[in-house]
Amino acid sequence: MEKKKGTILCVDDEPGILRSLQWLLQKEFDVLTASSGQQGLVLVQQNSFDVVISDQRMPGMTGSEFLREVRKLSPRALRILLTGYSDLQAILKSVNEGEVFRFINKPWSMSELPRIVGEAVAIAQAQSTSPMIEEVAATGELDSGRDTILVLDDGPAMPELLLQAIGSSRRILHARSLAAAVEFLSSENVSVIVADTRVANTDTTRLLKMLKQKHPQLVTVVFSSENDAADIIALINQGQIYRFVRKPVTVAVIKTVVAAALGKHKQIMDNPDLLKRHSVEMISADAETSLMLDVEHAAVRDHASGNQPRAGASFLKKATTGFTRLFRT
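The sequence shown begins at 1248 in this note's numbering and counts up by one.
Hints listed in this document are in silico derivations from the structure and should not be mistaken for laboratory results. No experiment lies behind these values; they were computed from the predicted model shown. Check the hints yourself; a few may be wrong.
[Claimed, not checked] DSS-like cross-link-like pairs, simulated, lysine-lysine; straight-line CA separation at most 27 Å: (1) K1461 to K1523; (2) K1319 to K1502; (3) K1353 to K1523.
Turn these sequences into a full structure, and let the hints guide you.
The structure is reproduced here in structure tokens:
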């Protein structure tokens, strides 16, 4: 008998869904099932799972709450959340508390789900011999590192709040456009990105996604008033953002989130094998081309307005060269 590729736990309160998941996945994987989050946690304590898949809408304990506990009990297991509706709060909890690997809408693709699960299993098993993955505690306390933080936001408030939150313990760069962000990223050693989803009326999410593809050591936190569930799901699946927090935010929240992000970056740099856990779905070549055009347009606007301190006569060339250095070398 052919050996199965890994061990999966599927949790859903609907028996028909559990049967469908088991039928679809058992050809390649050992599959255990549970009809509630509570039952699932018992199995997590008794077994070593490579991947845990949970529905979101369950009585007693939601999927995001369940995966939050799984993260504590079995940090090696990669977590996948299924949902049949767009619940923004559930999505935010899934990324902020459960740190999900992928977010999949129901009905799932019969070919895509096994592929995604297979990728997650391979990553989890590759780390079975690595140092144990300890989750970063969000204590809000900063260590004595010398990291650089890039703020991608077109207003003055976020850099000022960040400075209040962490003081002068870290170097803070402020980019008010895509062009300025690319120029900073290509010339500075940035550890954490603090970004909004739109800057100077331009979508920033393609940049965040491409950065995670090419530079997975970067840790990104998003502070935004964005409320489109599909866009946030894409940021999870294609950008592996570390946290998403709705604006407006307080200094205390910023300090806690950014301190955790800095801790996550240190954890990644100390154990490069963790980079595998941040693999992302590829975005299209068209998205790269459109991003390059937006960067060029932003550089032209920056130079014309004079608002960017680095926007000298050669800023367009610097932005273009920086884009090439970041994504095409």
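Hint by hint, here is what the structure shows:
no., hint, verdict
1, K1461 to K1523, "holds, 12 Å"
2, K1319 to K1502, "holds, 22 Å"
3, K1353 to K1523, "holds, 26 Å"
This entry satisfies every hint, going by the numbered hints stated previously.
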